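Colleague: Listed here are the chains, written in short residue letters.
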Amino acid sequence: MKKLALILFGLLGAIALFGCSNNSSSSSAGGSGEPVEGGDLNVAMGSEPDTLDWMYSGESATRKIGWHIYEGLFALDKEYQARPLLAEDYTVSDDKKTYTITLRDGLKFHNGQDVTANDAKASLDRWTKVSSVGKIASSHINSIEATDDKTLVITLKDVYTSLLTDLAAPKASAIIIPSDVAEAAGEQPLTNEQFIGTGPFQFESWKSGNEIVLSKFADYKSRDEEDWGGLTGKKTAYLDSIHFKVVKDPQVMLNGLKTDLYDYVQSIPLDLYEVVTSTPNVEAVTSSNGYSVITPDKSEAPFDDLKVRQALHAALDKEAMAKATYGNDDFYELDGALFTPDQTALYSDENIDNFAAFDEEEAKKLLEESSYDGQPVKIIFSNDNADYAKIAEIAEQQLEAVGFTVELESYEWATYLEKWGDAKNWDMVVVGWSPFFSPNQAGMVSRENNSSGWYHSDRWQELLAQWGTADEGEQQQILAELNKTLYEELPFEKVTNISALDARTTDLQGFDEWYGPRFWNTWKTK
Amino acid sequence: MLGYTIRRCLSVIPVMFVVSIIVFLLVHLTPGNPAHIILGEDASPEAVAQLEEQLGLNDPWYIQFFDWLKQVVTGDLGTSVFSAQPVTELIFSNFGPTFSLMILSLLFILVISIPLAILIVSLRKTILDPLFTSASLLGVSVPEFWLAILLVLGLGVSIPIFPVAGYMPIAEGFGSWLYHLLLPAFVLAILEIGIIARMLRDSMLDSVNQDYTKTARAKGVRERDVLMKHVFANALIPTTTVLGATVAGLLGGTVIIETLFTIPGIGQLLIDSIHRRDYPVIQGVVLFIAAIYVLVNLIVDLLYAFLDPRIRYDE
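Line order of the protein sequences matches chains A and B. Going by numbering that gives the first Met the number 0, the first residue of the first sequence is number 0, and it counts up by one from there. Going by numbering that gives the first Met the number 0, the first residue of the second sequence is number 0, and it counts up by one from there.
Calculated directly from the structure, the hints in this document are not laboratory data. Everything numeric in this text was worked out from a predicted model, so none of it was measured. Glycine is no exception: its CB is placed at the ideal position from the N, C-alpha and C atoms. Any given hint could turn out to be false.
[To be verified] To give an idea of the interface, some chain B residues facing chain A are shown, with a C-beta separation under 8 Å as derived from the structure: (1) I36; (2) I148; (3) R275.
Turn these sequences into a full structure, and let the hints guide you.
Modeller: Below, the structure is given as structure tokens:
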């Protein structure tokens, strides 16, 4: 009997010991040899997309799968510059109001149909109706016409130099789908049978709550140039299939990565970074993930008063907030610009000195001079994201230290979305914004709605109008002006730029991330 | 017996009706709606309102309820707002993994707890009895998620005997199906093994010194037969009651185990649907789970009559 007990305890002890042991050897990437054809890639994703209609949805989960299936006429390269993808070439008329776009030869959809200008027209017509970016562009578009099988002509109402950037935006994207599919879907999201694109991988199946499977598209017509990075340039599908598996628990993801169950895992909590870097044959992948913000409701008291917003601005110690929330400074970057530094063409560091304006005494003084009457300020956030909860809690302490009275209310995502829609429910929200690619796509300022906290600014709208007609040199000046407006009108409080953490096995070669993982030009060594 | 069975089956109808009203109200009175989720954080109020209209969410709740009820009566649970798949199809494709997990766990429970309880009762005067009491208490007390994490780290990662996650349908091979389910089924069973074994042991110990067992022993019946034919048979009635509740409890337990082992079961379907406010799927799944509870209870009641011939429902 004693023996039995000893064996039992011994077994439990061994399990605990093995379970808690931490392999301390450092990760090492294998060298990239000749590409290997074939193999199945298993990707663990934390959340399942609501749809794979990348034109309809701006959701990150949709994008990370969608860009393997679909392509647009243009796409952004590694430097966030719009370059042709399905388009062979384009010309712009002298008055800058007519864009003539020619399609590449030999393009095919996943269903075997040839890609024609008529498909492009039907797709863009739908894009202007269902996409948040397309709706912005549509106010400048007069007509979209297919003049022959390969030529598409877009005529504008006014000069709008952002058209190509909008067509290339990897968010609610201007993807080209067969005209019959675009017309049948109309303003509804595409169904499983309608996920037909021109990308290097094609949609195979979607088992809800389980996995989404893509397979190599044998007739893929790649561009001939080198890989331009981002979403355009030469693309080769080496893998036979990609299985995007729904895995809710990050620890399960890492265990699966260690045991070759998964080759790539997405959205690992930052506090597991040390675990990732200390695991053999596993590499951390970090990518720019936009920034976190605190947005006050400017339609009502107290934040309709600029003085109160100035007090808020002076009260927030963003460095302390970022450090406490994100911990490792590899994953946050205190920077006050509207765009992130990796978006080289859009980034301007002019007029951002007032970003770090933390001064408790100044905040108290400004608050006393303002119309704030001591009424409780309600901060709402979604408790689905632990970072938002931390930011809200730290903001509460910092605001109370200067004389605000603060209430916190957290909701799960669906409830939060509904509460956010009505100004009566909140005075401030804590939320994150994924990268955007043109000033008019900046959801937290561009429209007078709940996303911007009902920000009404003639000055901002005037700058957006100027942006639409500006050339590259003028755009830099406008970016500097936009930054200046941010710190004079204080529509929102930018906390910090953030990065997301993914992890991959070193058996994955040729891999490059750009605003998320892309698996063309990538192969498995075993 | 047949009359009783029919009456019990008919009594399910009002139960299911009440369940469906409660579920419908709970789901629809909770803030948040699928239109917001589908359109995302950038959506304009006009787009949300338009989609709400298309999804029929603008009608008063009682009209939505009766529209849904009319469908349910005809066996149509509606279609998912997100995937546009019929709810019945979703339920059945997700119930396979859950059912597999439940069956294998139940097998573990029966195969381990019953022989264990009998063994302990037959060796009740040895050190095994207090040892069993402590061990079973441990089984009841250990949180499932903790045990699951420990077993995965030990037997999945450090000594890679079992897969750390995933599920294979039985159609793709019995061995593969079993290999993927052994660890999760064991974790799910461990709590119930403790409960059932303790329950059976206690019931058997109650009977061990009753007059009828003394009489049996006095007649010269062997101790083994006394235990199996008299003590065990009498202890089965209360144990069956607990076992009925256990089967229902397993359905709840699968929600956690499915998450920890990434098994695409009915629990995952329900949680995802709640997060997305996919009303038809939530209502369909809850109704289905309620039907299973009712069915299990009916089977338990019918089993009483089988286990104890003195029980006659029709009299």
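Colleague: Could you run down the list of hints and mark each one as holding or not?
Modeller: Hints and how they fare:
1. I36: Hint on I36/B: holds, closest Cβ of chain A at ~6 Å, below 8 Å.
2. I148: Holds. Min distance 7 Å.
3. R275: At 7 Å from the nearest chain A Cβ, R275/B passes the 8 Å test, so the hint holds.
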